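Quick note: the sequence shown, position 436, residue 624 per our numbering, numbers continuous.
It should be emphasised that the hints constitute simulated quantities derived from the structure, not laboratory data.
The reader is advised that the hints may include incorrect statements.
Simulated restraints on C-beta separations [to be verified]: (1) P579 <-> R237: 32 to 42 Å; (2) A521 <-> E423: 58 to 68 Å; (3) E341 <-> E546: 36 to 46 Å; (4) E723 <-> Q755: 16 to 26 Å; (5) E259 <-> E574: 35 to 45 Å; (6) P618 <-> E259: 42 to 52 Å; (7) G480 <-> Q429: 24 to 34 Å; (8) E341 <-> L271: 48 to 58 Å; (9) K713 <-> E259: 33 to 43 Å; (10) D261 <-> T738: 50 to 60 Å; (11) P263 <-> K528: 37 to 47 Å; (12) K534 <-> E192: 51 to 61 Å; (13) D450 <-> L488: 52 to 62 Å.
As a list, the in silico EDC-like pairs of lysine to aspartate or glutamate whose alpha-carbon atoms are at most 16 Å apart [said to hold, decoys possible]: (14) K623 <-> E566; (15) K266 <-> E253; (16) K502 <-> E399; (17) K244 <-> E707; (18) K244 <-> E706; (19) K553 <-> E341; (20) K670 <-> E574; (21) K504 <-> E490; (22) K266 <-> E276; (23) K528 <-> E379; (24) K244 <-> E202; (25) K353 <-> E549; (26) K721 <-> E745; (27) K504 <-> E389; (28) K534 <-> E362; (29) K353 <-> E541; (30) K266 <-> D308; (31) K528 <-> D377; (32) K353 <-> E546; (33) K553 <-> E379; (34) K721 <-> D698; (35) K504 <-> E518.
Every value quoted in this text rests on a predicted model; they were computed, and no experiment measured them.
Glycine included, each C-beta is placed from N, C-alpha and C at the ideal position.
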Amino acid sequence: MLRELHIRNYALIERLECQFMPGLNILTGETGAGKSIIIDAVCTVLGGRATVDSIKGGADSALVEACFDVEPDSPVGKLCTDLGYPPEDGLVILTREVNRSGRHRCRLNGRVVPLHILADVGQALVDIHGQHDHQSLLRSETHGDFLDAFIGEEALSLRRQLEAKLGEYRQVLERLTKWKDTLARRASDRELLLHQVEEIEQARLRPGEDEELEQERRVLQNASALYEGVMGTYELLYGNQLSAASLLGRGAATLGSLVRLDKSLAPLWENLQSTQILVQEIARELRTYGEGIEARPGRLQEIEERLELINHLKRKYGRTIEEIIAKGEEMAAALELVEKQTEEHKELQQRCEILQRELQELAAKLSQLRRSHAARLEGAVGRELEDLNMPRARFQVGFLPHEGGTSLGDGLRITPRGAERIEFLIGPNPGEEPKPLNRIASGGEMSRIMLALKTILAKGDNIATLIFDEVDTGIGGQTADKVAIRLARLARSRQVLVVTHLAQVASMADSHYRVQKEEFNGTTKVNLTRLQKEESLEEIARMLGGNEVTARQHAQELLNRAGRVKQLAG
189 MLRELHIRNY
199 ALIERLECQF
209 MPGLNILTGE
219 TGAGKSIIID
229 AVCTVLGGRA
239 TVDSIKGGAD
249 SALVEACFDV
259 EPDSPVGKLC
269 TDLGYPPEDG
279 LVILTREVNR
289 SGRHRCRLNG
299 RVVPLHILAD
309 VGQALVDIHG
319 QHDHQSLLRS
329 ETHGDFLDAF
339 IGEEALSLRR
349 QLEAKLGEYR
359 QVLERLTKWK
369 DTLARRASDR
379 ELLLHQVEEI
389 EQARLRPGED
399 EELEQERRVL
409 QNASALYEGV
419 MGTYELLYGN
429 QLSAASLLGR
439 GAATLGSLVR
449 LDKSLAPLWE
459 NLQSTQILVQ
469 EIARELRTYG
479 EGIEARPGRL
489 QEIEERLELI
499 NHLKRKYGRT
509 IEEIIAKGEE
519 MAAALELVEK
529 QTEEHKELQQ
539 RCEILQRELQ
549 ELAAKLSQLR
559 RSHAARLEGA
569 VGRELEDLNM
579 PRARFQVGFL
589 PHEGGTSLGD
599 GLRITPRGAE
609 RIEFLIGPNP
619 GEEPKPLNRI
629 ASGGEMSRIM
639 LALKTILAKG
649 DNIATLIFDE
659 VDTGIGGQTA
669 DKVAIRLARL
679 ARSRQVLVVT
689 HLAQVASMAD
699 SHYRVQKEEF
709 NGTTKVNLTR
719 LQKEESLEEI
729 ARMLGGNEVT
739 ARQHAQELLN
749 RAGRVKQLAG
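Take the sequences, apply the hints, and build the full model.
Here it is as structure tokens:
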């Protein structure tokens, strides 16, 4: 709810401070008194268009500040919190300053913000209807919101489901798009890694195997020379009477006989015996080695092939078998990751297809539901417009395909609001083809259309403050009475500000304000005054015109009737 409005150096307003109340706030005044200036100032602080022409002559800047009561858990309270500017002590304060340099400074709760943030919050706080761009009926993207609110919870529930599913679908699409450019490379990487890992695993390498094979190869390559050399050495050590072992044995026997004569020779004799035994053992091992030597050309071929395989792997993967094994483990881990990512991609594609089907089903349900209720809304609005002096107006709900949004294939595009763009159409006169509101409806007609919609959708609307400008254009008599009653009913559930020239509407005021233009020392100023009961009576009498006594009596009758209407309305 708009609690306070502060305006400084805006157009003809030097300084204006006003408190607004809950319920129906009525602004009246002479034609040209400046009522539209106040509404323009409100539009400015809500993020509407503003130029240096709005700055009062002689001033360097214009400033408008609006203070709103906002519940933290209300839609607008949550919006402010989500944007990072939560309500403070239940208040949201919008400020906008326009300088002659063309620079605009916007603040939300005292903190500088971009204009679009101010506009987003402003649209959630106030709906203005009349000759202003801020009015929601001029934004066709809101028309689906009106229709869904009219249908009720079934449509709103489908909308919530659709928005949640679409959010998930877009996230999945984004992830798939990021992977799209790398999919082909991943496929080739997988094939290469798979080949390399299999190549290393199939080799079944052992650490040190290459050294063992090279040693065995040298033996096999020199088998004949080794046999001759080893067996020749055996003959020298043990093979005949003149071998080293025989000679050592004879020497040991001689020295042993001398030990009896000189015991100091005993250590030498023992060493000689040990040497003989050692030579004999060496000779036996040489003979065993020599007897084990075979040419085995088949084994040599196996070794050559095995070493060629190992050297081939070394050229590709590492200088040693240990490095090759480590590289194989590294590539196996990379292959496992690629396999995992490939599986994740497959799961994402499956999830994408499931979400696509679910979105199509939800969108179809919502479309069918909307189409089944569109005629009911058309009839309800038509009846309201008839009572509001637009008896021949033809109101129509149009269904158009989305040009933007997210594609679901087969030409179907979808947004969080559904698979079609809802647009309200109006044909004000008989035989006139219904056209979009912003192309055919005047400010007064737009206000009455909005009044009709707001009356019908009063329970489903979350905007706490409505402003109607020129809602009474071109009407009078019973139509004016009906407009006044509808405004009063609407004000039971929200704050309503109305600029009016009709006494019937003014009489319904919960709070009545008079706008006056005054000249002082050659300067024109606009003032806004909240009227007391007697002052309100006088203002309504002025609006009625004619004989002062008669007008005053008529004004009192209007006030008395308004009291009865409010009492009956509860």
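### Verdict for E259, E574 (Cβ pair) under range 35 to 45 Å
Cβ of E259 to Cβ of E574: about 37 Å, so the range 35 to 45 Å holds.
### Distance restraint evaluation - P579, R237, Cβ atoms, bounds 32 to 42 Å
holds, 35 Å
### Message
Need the status of pair K504, E389: alpha-carbon distance at most 16 Å?
### Response
holds, 14 Å
### Task
Hint says 52 to 62 Å; check whether the CB-CB distance for D450 and L488 agrees.
Cβ of D450 to Cβ of L488: about 58 Å, so the range 52 to 62 Å holds.
### Query
Do the alpha carbons of K353 and E546 lie within 16 Å of each other, as the hint requires?
holds, 8 Å
### Query
Is the hinted range of 33 to 43 Å satisfied by the C-beta distance from K713 to E259?
Because 36 Å falls inside the window, the suggested range holds.
### Query
Straight-line Cα separation of K353 and E549 no greater than 16 Å?
The hint holds at about 11 Å.
### Query
Holds or violated: K244 with E706, Cα cutoff 16 Å?
Holds, because 15 Å separates the two Cα atoms, which is no more than 16 Å.
### Query
Between K528 and E379, is the straight-line Cα distance small enough, at 16 Å or below?
Roughly 14 Å separates the two Cα atoms, so the pair holds.
### Message
Looking only at beta-carbon atoms, does the pair E723, Q755 fall within the given range of 16 to 26 Å?
### Response
holds, 23 Å
### Restraint status (C-alpha distance of K721 to E745 at most 16 Å)
Holds: K721 and E745 sit about 14 Å apart, inside 16 Å.
#### Entry: Agreement of K553 and E379 with the hint, judged by alpha carbon distance not exceeding 16 Å
Distance ~45 Å between K553 and E379 Cα, so the pair is violated.
When held up to the earlier numbered hints, the structure conflicts with 3, 8, 15, 21 and 33 and fits the remainder.
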